[in-house]
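A.B. asks: Spelled out from the first residue to the last, the chains are:
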Amino acid sequence: MAVCVAVITKENYPLYISNIPAANELKFHYTVHTSLDVVEEKLSAVGKTASDLRELYLGLLYPTEDYKVYGYVANTKVKFVIVIDSSNTSFRDNEIRSMFRKLHTAYTDVMCNPFYTPGDPIRSKTFDNVISSMMMQVC
Amino acid sequence: MTVYNLYVFDRHGTCLYYGEWNRKNTTGISLKGEFKLMYGMLFSLKSFIKKLSPTDVKEGFLSYQTSKYKLHYYETPTGIKIVMNTDIAVGNVRDVLQRAYSTIYVDFVVRNPLCSLDEPIQSELFKQKIDAFVRGLPFFSARVT
Amino acid sequence: MEREGVRMADEALFEFLHMEVISYIFKSLEKDDSDNGKCTAKLEGMGFRVGQGLVERFTRDIPRFKDELDIMKFVCKDFWAGIFKKQVDNLRTNHQGVYVLQDNRFRLLTQISAGKQYMEHAPKFLAFTCGLVRGALSNLGVNSIVTAEVSLLPACKFQVMMQRA
Amino acid sequence: MLRTESTKINLMRPLGQPALACAGYRWRENYYSHQRRGGYNIGVRIIEDFLARTNVGRCHDFRETADVISKNAFKLYLGVTPTVTNWSPAGDEFSLQLDSNPLAEFVELPDNHTGLSYSSLLCGVLRGALEMVQMAVDVRIVQDTLQGDLQTELRLRFLRRIEESMPAGEE
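Line by line, the protein sequences are chains A, B, C and D. Anchor point for the first sequence: position 40 equals 1077 in our numbering, and the numbering is continuous, going up by one each time. Anchor point for the second sequence: position 29 equals 33 in our numbering, and the numbering is continuous, going up by one each time. Anchor point for the third sequence: position 7 equals 21 in our numbering, and the numbering is continuous, going up by one each time. Anchor point for the fourth sequence: position 171 equals 174 in our numbering, and the numbering is continuous, going up by one each time.
By construction, these hints were calculated from the structure, which means they are not laboratory data. Bear in mind the structure is a predicted one, so any value in this text is a computation, not a measurement. It is possible that part of the hints are untrue.
[Stated by the list, open to error] Subject to a maximum C-alpha distance of 25 Å in a straight line, what follows is the list of computed SDA-like cross-link-like pairs (lysine to any residue):
no., chain 1, residue 1, chain 2, residue 2
1, A, Lys-1139, A, Thr-1071
2, A, Lys-1047, C, Gly-155
3, C, Lys-41, B, Pro-124
[To be verified] Here are a few chain D residues that face chain C, going by a calculated C-beta distance under 10 Å:
no., residue
4, Phe-53
5, Leu-79
6, Phe-109
All C-beta atoms in this analysis are idealised placements derived from N, C-alpha and C, irrespective of residue type, glycine included.
Produce the complete structure using the sequences and hints provided.
C.D. replies: So, in structure tokens, the structure goes:
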């Protein structure tokens, strides 16, 4: 499924980033980082145009040669980015949507852990498990 | 029909609340002394009744009646005791006392963090509610003959 | 019906816990004879963290907010109802970043008094909620200062002053 | 306007947090005793709320008590029904097993708090509530999902019946 999943704060620093293969870390960080500009752009259009961007799911941010980058921004401005391998063409929009829902729910649970300090990098086994379920089934 | 007075005791015998409506007599002793005697009497009555009963009692005693008045008694498993004296025409008021406990005592004493549970109740809101409750009872009548 | 029951239940639990937390904090700090300010600040801080978490959950299924007023309306309706089982009765603003939320029967005060009695105790029952609102707004990206004011229980006014960066 | 769908979970949230903050990140033992004492105070009041709302009468024996705790009290306040099990031969001790513990629903203990008995609040609540209905009971947590156990298990041991004392000043 996903090759990279990232959670970014409203101040644009990462709370969580996971990617496979791990060796490509730098590349993914770059990809995610670049996508944030597109996110900002899309968000700044909210309220200015009559488009339906009041939805939390932002859709495809941009495609590269190898990947498709999707975005989702919660009401609390926390950003979620999911990167899919371009070769994986069978993906439907609905599936991406439900992945984001899952991700958002998992993040909400993290926020509700009294031992978690908002803004800290996410270190949670439960969250890790959710993410890895989204990253598996690649091959 | 009418209501004379009402007592609420805690499990240790402290009188948490006392209110009177159409009570015309006095015992001639201080209220404090009266509370003590009342509780003592209830305590003895209750334990003796338990001893007399052929089977294990669940409800305990509910009321006693003289030719002039009737004393109604309700006790929760936590030992809160509500006592109401009425004239003798009043029937079984167990559900009334139970309602006084669940909708007034619990709501305005137990759920009021400023009320400690083992001291006489200071809350004006509680006093207003219980007064309105008693005055609203079908057998309450201020016009006593 | 079932769900209704469950909802009621948790409400009572929240109430009793809130009660106990307040009494715990005030008791534990009384010994150090420190001022009440410290206790209220602690309660406020707790509310802040809870507000942050709750708002994440409460806003998960609703469309993106248009503006600040939209956010405040959400706080008065969904957020308030989710926690206190009723909406704020009145929301006013000066359109310069000050909002006043009026609750005529504030849940955490309704059992305490209907009038002036216990007025001096009211602040400690409002501190957590002030924090709750500030925490929720902060997580929604709005920094604010939240204070509460009571002139007759159980009515209560929360004033939210936006802090512009 | 009410979002009933998620309210149950919503309100569990404010529970966990202050409970913890209540401990103020003190030492573990301290947390434990504070939670127990805090729980006790809650228990003392919540039992009245419970009786008022359920109209449950006095229990005849400890088995009935166990049943009421599980089927009525836990169900009412936490929305779960723990299994009553592992009775001692004398019938004075039993366990409440919870597959899921609503109090700890979102909790993950950090590495420096691994041994923390997060739910000890529950022990205090049960002890306080039962004491008000004249039962002195010892309650402890013997299994805890937060500690990696498969379920959470509370062990309740009946100590003695608290007899109603004669009012002061009476012979």
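A.B. asks: Which hint numbers does the structure go against, in order from smallest to largest?
C.D. replies: Of the numbered hints given earlier, the structure breaks none, since each of them holds.
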